[in-house]
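Here the structure of chain A is known, so what remains is to put chain B in place on it, guided by the hints.
2 protein chains.
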Amino acid sequence: MQIRPILEAETELTDRSHAPESVVLSTRVRLARNIDETPFPSRANKSQRREILARCQDAIAGLKMMQKGSVLEMQNLSDPEKQVLVERHLISRELSNDKGESGVIVSRDQSCAIMINEEDHLRIQVLRAGYNFKGAWKVIDRIDTGLEDKLDFAFSPEWGFLTACPTNLGTALRASVMLHLPGLVMASQMEKVVRAVNQMGIAVRGLYGEGTDASGSIFQISNQQTLGESEQDIIKRLTGVLDTVIEQEQNARQKLLENAAPKVLDKIGRAFGALQNGHLLSSAEAMNLLSLIRLGVDFGLLPENERRSVDKFFMTTQPGHIQIISQGDLENSDQRDVERARVLREHFRGLAPLDFDTLEKT
Amino acid sequence: MQIRPILEAETELTDRSHAPESVVLSTRVRLARNIDETPFPSRANKSQRREILARCQDAIAGLKMMQKGSVLEMQNLSDPEKQVLVERHLISRELSNDKGESGVIVSRDQSCAIMINEEDHLRIQVLRAGYNFKGAWKVIDRIDTGLEDKLDFAFSPEWGFLTACPTNLGTALRASVMLHLPGLVMASQMEKVVRAVNQMGIAVRGLYGEGTDASGSIFQISNQQTLGESEQDIIKRLTGVLDTVIEQEQNARQKLLENAAPKVLDKIGRAFGALQNGHLLSSAEAMNLLSLIRLGVDFGLLPENERRSVDKFFMTTQPGHIQIISQGDLENSDQRDVERARVLREHFRGLAPLDFDTLEKT
Chain A
1 MQIRPILEAE TELTDRSHAP ESVVLSTRVR LARNIDETPF PSRANKSQRR
51 EILARCQDAI AGLKMMQKGS VLEMQNLSDP EKQVLVERHL ISRELSNDKG
101 ESGVIVSRDQ SCAIMINEED HLRIQVLRAG YNFKGAWKVI DRIDTGLEDK
151 LDFAFSPEWG FLTACPTNLG TALRASVMLH LPGLVMASQM EKVVRAVNQM
201 GIAVRGLYGE GTDASGSIFQ ISNQQTLGES EQDIIKRLTG VLDTVIEQEQ
251 NARQKLLENA APKVLDKIGR AFGALQNGHL LSSAEAMNLL SLIRLGVDFG
301 LLPENERRSV DKFFMTTQPG HIQIISQGDL ENSDQRDVER ARVLREHFRG
351 LAPLDFDTLE KT
Chain B
1001 MQIRPILEAE TELTDRSHAP ESVVLSTRVR LARNIDETPF PSRANKSQRR
1051 EILARCQDAI AGLKMMQKGS VLEMQNLSDP EKQVLVERHL ISRELSNDKG
1101 ESGVIVSRDQ SCAIMINEED HLRIQVLRAG YNFKGAWKVI DRIDTGLEDK
1151 LDFAFSPEWG FLTACPTNLG TALRASVMLH LPGLVMASQM EKVVRAVNQM
1201 GIAVRGLYGE GTDASGSIFQ ISNQQTLGES EQDIIKRLTG VLDTVIEQEQ
1251 NARQKLLENA APKVLDKIGR AFGALQNGHL LSSAEAMNLL SLIRLGVDFG
1301 LLPENERRSV DKFFMTTQPG HIQIISQGDL ENSDQRDVER ARVLREHFRG
1351 LAPLDFDTLE KT
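If you read the sequences in order, they're chains A and B. Quick note on the numbering used here: the first sequence kicks off at 1 and runs consecutively. Quick note on the numbering used here: the second sequence kicks off at 1001 and runs consecutively.
No lab work stands behind these hints, which were simulated from the structure alone. All values derive from a computational prediction rather than experimental measurement. Don't be surprised by glycine CBs; every beta carbon is placed ideally from N, CA and C. One thing to keep in mind: the hints can contain errors.
As the list claims (entries may be wrong) - Partial list, derived from the structure: chain B residues whose beta carbon lies under 10 Å from chain A:
no. : residue
1   : His1279
2   : Leu1280
3   : Ala1284
4   : Arg1349
Said to hold, decoys possible - Computed footprint of chain B on chain A; a stretch qualifies when at least three of its residues, placed anywhere within it, have a C-beta under 8 Å from a C-beta of chain B:
no. : region
5   : 39 to 53
6   : 287 to 299
Isolated chain A (complex conformation):
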């Protein structure tokens, strides 16, 4: 199995030194780049695509941080393997549907993934745990510079970086953050927040692209515009919006505790009980239960290191991961639900019971 190192590695994404970790799961920046005087992937023929793939792989191999990484080509991966990469946000759904002359190179710690021949020749992505645009930008800028040394990027003094789709033209930067917003969801304020955020040219989606009913109360918030602003301005404006959303989430949680503590404790307790004792768990339900556990950690009902476990399970209980972990002998989604419940049961039965009194006394 080609993606074994990716599955088995302990990633560095769990470093939670950048507060407020209770709301922000991770930060991501992505740059689209294309080689000058070369057709975009959708316009290139097979041999051109093959050549682009080889040139990019070669350039990436020269980057220090990508050494010892995984070099993967789509045509060599099984469906569940591609699914795992999608679930880890290392490749896009679009790339996973592609059959040939495309691939991804994933750094050893999975903090960087560079797709080749997706919509653009190169899609460079850097992930950081918590709320950390500065750290992410520093790394992606270095990678971008390193690649520019070897590949001549398509760039227009007037338009900036040229991309296959005009929505990426200019900086070709997509900056985003994964937020855990159970407070706003429980308080039914998410729609209002989404509307306000959208009006500022900022997009909101679920963890896997869903809308406001995102499972697990996880939302991805990112810039929509790439043209007419510098990279720094894009991130600055996005940060301003994010700061407000984070504050609103923290207020919503505070109000929940003040006005409906027994109900919230009950929800968290039952989630814990279902994870410890369920026998059938769909991935959507698992997400929602894990989301409540994460909130339980934030409220001090579970140990701090469970936040790390929950964030890991958000990924590893997705269908592709369950399929791969059980070595592919699951015939249908019912069997996956049994296996998912088994995996979660095993972990959560190892924990001490929730101590409701802790919170009630505060």
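Chain B alone, transformed into the frame defined by chain A:
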């Protein structure tokens, strides 16, 4: 608190030697009796009722099995105390609403309760654990004979025992059994069963008098007719119907295990999880969760002695019990729900985790 001995006693009702204990919770027989030449309670004036009460108390005090019992008069009991007696099926809802010159005498082991000045002068009730009409009848017959020695019962050679309501005329016997029928409920067969049973002149009600959507899947099945059949014939005919219902329940459970084992295991597991970790539990929900735990015991997922705990909690998690146990400082039903969850959590956290593999292997 007058009913303390009733609350604190370990009753003998938990002797489960009479199979099939997985379906039958308890057996009850009840006789209505009235003193000859004396107005029925609803027609008697206050001083007549007082005299009836005294005469009956005196007669009952002479019975060996009622010695060391609790002699209670309604006017001396608080509302939660009366509620507890109703929840233990020791008095009727009707008697609990009565203000004066009425009462109940409860034997020390709570297997016998004799109401005075309810609808009739005397309502004698004997309870036995499991399926045991023979044992229950033997005891109630002895009590009836003992009382007849001291009180002259109203009896007509043509009609049999005379009662305030004609529906009790004749034997004045109500024989009933509490059945736990989760299999038939889950298989949506209960309505069909109730219709068939009703056609044979047998009544079906919930644990506290509800219909076919009885919480906890507990149903009370009893004879409707008291006239024109001997006591033995009534019990024989009822037993015939009960045997069929018990067999249908056992078949329904077998089919559930064959066709939907993962779903049933999941339900039982989640019930266990909610009892271990819930923070708010209504009494109706507690009944349903406990019902699933009882089924879990029957399926070998929990230790045998948990059947006894569940049967106890069916009673002690009712509102009156929760109110009394917490010493009455609960202001509303939300607080009772918190207290109920606490009591159940304390017990169920002491148990080992469910071992799904046991059942899956069989």
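Hint check results:
1. His1279: Holds: closest Cβ of chain A sits about 4 Å from His1279 (chain B), inside 10 Å.
2. Leu1280: holds (4 Å)
3. Ala1284: Status violated, d = 15 Å.
4. Arg1349: This interface hint holds because 5 Å falls under the 10 Å limit.
5. 39 to 53: violated (count 0)
6. 287 to 299: violated (count 0)
Checked against the numbered hints listed earlier, the structure breaks hints 3, 5 and 6; every other hint is satisfied.
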